[in-house]
Amino acid sequence: MKYSLLSLVRNASSGHQNWQPAWRSPDPKPHYDVIIIGGGGHGLSTAYYLAKVHGITNVAVLEKGYLGSGNIGRNTTIIRSNYLLPGNNPFYEKSLQLWEGLEQDFNFNAMVSQRGVINLYHSDGQRDAFIRRGNAMRMHGVDAEILDQHTLREMLPFLNFDNGRFPIMGGLMQRRGGTVRHDAVAWGYARGADSRGVDIIQHCEVTGIRRDAKGLVTGVDTTKGFIGCNKLGLAAAGNSTTVAKMAGLKLPIDSHVLQAFVSEGLKPWIDNVVTFGVGHFYISQSDKGGLVFGGDIDGYNSYAQRGNLPMVEHVIECGLAMIPSLSRARVLRAWGGIMDMSMDGSPIIDKTPIDNLYLNAGWCYGGFKATPASGWCFAHTIAKDAPHELNSQMRLDRFRTGYVMDETGHGAQANLH
Amino acid sequence: MASLINCPYCGARTTDEFYIKGDATKARPTAIGDDTIDQWHDYVHIRENVRGRIAEYWHHTGGCRQWLVVQRDSVTHEVYGVTAARNWKPGSSPARKTASRKPPVRKAGGKR
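Residue numbers (the working numbering), protein chains in the order written: chain A, 1 to 417; chain B, 1 to 112.
Bound conformation, chain B alone (with noise of 0.2 Å):
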């Protein structure tokens, strides 16, 4: 993993500062009732467990406080770009965005 992270709000910042939620591919289902069980469950427990590209949710809690997604490689923990996760659609797909993607800068001192 590289030791500094590019946060969108703070810039770069050390590894250790940030706690890592997981998966950011699943998209929560909106509906509820029973028979949704098999999208909740799906939302809930089963992961892609990528070997490869994947795409995480971070929260930076020694620093902004902000949830972030950051794209990495699960095997050679290269990584690819970080991004706020408010522009985050999840459901799509991380091997859909290229490599050269820029995170989307925000001004300091924007909604925090």
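The shape of chain A in the complex, shown without the other chains (with noise of 0.2 Å):
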């Protein structure tokens, strides 16, 4: 059924008892064309696409847990295309642009907010390095403009300006930035998905990756026994490795916790987003009035779902720094998503040295804006066994071919991209 204005008032005549579910939940077939392990963001995002962009329909996406039970659910929802490499810019480029489209697309309002990302800086060096992001972003064709602190004062009023160690001295902003409802993008994406045929196979869990003679993956065993495939796509975010490490494979990239926090709710208060230079802190608000908030990952290995007290506290100071009013603020929840940090801060859209198994990893902890391209390019480069042009970069090979795009320029450290 398309939700629309005369689906809401049908629904409502008949006291809202007739909805049905948004998708099925069927038992797994013997064997699909392909079959998406990891049913986040991105591989309902690659379902989707497979399916409307490719019309390859014969499709499985196999989730251990319940939709938006990982990361996709865990975010901190900001969108954004300020990045300044140029095999990452037009990439997230085009997700923002598929975000702005989106609710039309899927037929499922996800709440796009395009309300504007505003990063802050604090010495003349800083500012020159945002000036360039924001010159090669608008290179690239993607909006970006420099905020003086007399502009930031009347936009923000209750940022720390003063602050005698790290005074607010401007910002970079792209409006086209902003937030969106994550849980409603898993939802848009499961639904559109399966509508089209896709099967969304929920609690269940892939155990082994089968291969023939010659290496070939003929199929996944699961807790709901063996599924047969053509080919395999792995979108198992922070669990990329120990799915990998099934078809004999090793990756760059490390697991770390991130956490986020909610504020009780509050009377609107901060409009944009708003990231604070120093300490890696980024802050808006939910439309229920909640300020949902966030900071570095937490910094050692780890496959928990939690996070722990010195970075509480870390990220509270930042905050704190940034806006002293916060103070007032009382936190009501914070969790912690699992991360798969590559070795350069940058993912991985790929093919890999098994010719049926494709490879989407190493989101870092970036990879909620990048939902619709990333299942846009993943798709793509499935359905025509051939990276889009998009993705080109973002290569497994480069660690060893020393073509890393490391936006950060910190090195094989993946705690600190």
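Think of the hints as simulated: they come from the structure by calculation, not from any bench. For glycine and all other residues, C-beta sits at the position ideal for the given N, C-alpha and C. Treat the hints with care, as some may be off.
Said to hold, decoys possible - Here are the computed distance ranges between Cβ atoms for each label pair:
1. B:K89 / A:K288: 49 to 57 Å
2. B:T61 / A:P167: 26 to 34 Å
3. B:D35 / A:H410: 24 to 32 Å
4. A:K29 / B:I37: 41 to 49 Å
5. B:R28 / A:G55: 44 to 52 Å
6. A:R24 / B:T36: 50 to 58 Å
7. B:I37 / A:D385: 21 to 29 Å
8. A:H410 / B:G62: 15 to 23 Å
9. A:H203 / B:E78: 24 to 32 Å
Starting from two chains that each stand alone, build the complex the way the hints lay out.
And the structure:
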């Protein structure tokens, strides 16, 4: 059923008793053309674009938990395309363009809100770096503007401009950036894929990947039995290395925990997404009024979807340095997600040394904004058996060849990206 | 993660005194040359990223500034033991060490 004003009126008149589930819960078929491991945002969007753009509908998405239980429901919902490097920027801009038309495309209200993303700077050097980034963005046709302190004081009067150690001098703004309701992204893609024939199989954990004598993947062992496939795509986020190992593949990825926080509901206060240029702190206000914020990863390898107190303290200290009045708000909830931190801070969407195995991994903590383009490019890579131009530099072998995409220049140290 | 880490030099100290470098299981290649690229690629980039028992380099930046190897579980965050990095042989599997193994104790005032 297409959601519309008419469908709303019709269901309202029958007391909202007749809404149908947004997707089926089918038993797995014995064989699929394509299996995607991982029913997160990227896996679901891959299935959606495989069906919609490439007409490949005999597809299964295998999810070990329930939809929305992983990072798609654990992020701070920010979308933007303010990247510096040529291999990254056009990809993220494609993603932002897909976000802009997403709700009409998949007929689901994802509450895409282009409220603008502002990165604050605190020194002449940081201003120069941001101007360079802004110029790189504009060279790629992406909107970017530098705001001076006077403008910022009018827009964001609650910031601590005169912080003795880190005065706020201005900011780099991307007006087309913003936030999206993250759960609805999973649900919208799931519904869109399901209605085109994709089987979304929840509570189905992959326990092994079977390969034939030539090394090609023949299917996967799961908690619901063996399922055969012609092509297998991995989109398992924090568990990428675990799943890849089942096919004998080792990855340049460490798994780390990233925490996020939400405050009690407050009256409208922070209109944009604002990031602190010093301590990697970012904050926005949800439509319910809660302040949604986060900071760095905890910094140690972890598969536990929970963080530790030293990073909680660090994030809140950063927040208070930026917005002193935050001290009056109470934190309602905190949670953790497992990030697949790659060795150069950029993702991998590529073929693998195994001919019918495809990899989508290494999203660090920037995966949410990439959800549409990641699925779009991964679907292309699987369907055409070759990367799209947009993900042509997101290669698995770039680490060995030296063509890494290191936005921050930190080197092969996963917890610094 | 345990709140306290038993530094072999300083005793029990809070975890936020330490910087965590990461994987301590890879041995640094000894040779240099075009035919060693795969070894170096494996050493610099490829990670086992074990779900379970791991060994990591920790730096006691807020204390004695010694490098340590902490063995712990990446799922439960349980810490099994702490060793001075100088007594650690990378390339040895952390699974082979038993949980009850005590870290070697160095006398205070030793080489720093």
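Cross-check of the supplied hints:
1. B:K89 / A:K288: 49 to 57 Å: 54 Å, holds
2. B:T61 / A:P167: 26 to 34 Å: 27 Å, holds
3. B:D35 / A:H410: 24 to 32 Å: 28 Å, holds
4. A:K29 / B:I37: 41 to 49 Å: 44 Å, holds
5. B:R28 / A:G55: 44 to 52 Å: For A:G55 against B:R28, whose Cβ atoms are near 50 Å apart, the range 44 to 52 Å holds.
6. A:R24 / B:T36: 50 to 58 Å: At 53 Å between Cβs, range holds.
7. B:I37 / A:D385: 21 to 29 Å: Check passed, 27 Å falls within 21 to 29 Å.
8. A:H410 / B:G62: 15 to 23 Å: 21 Å, holds
9. A:H203 / B:E78: 24 to 32 Å: With Cβ atoms ~28 Å apart, the hint holds.
Hint compliance for this structure: every hint is met.
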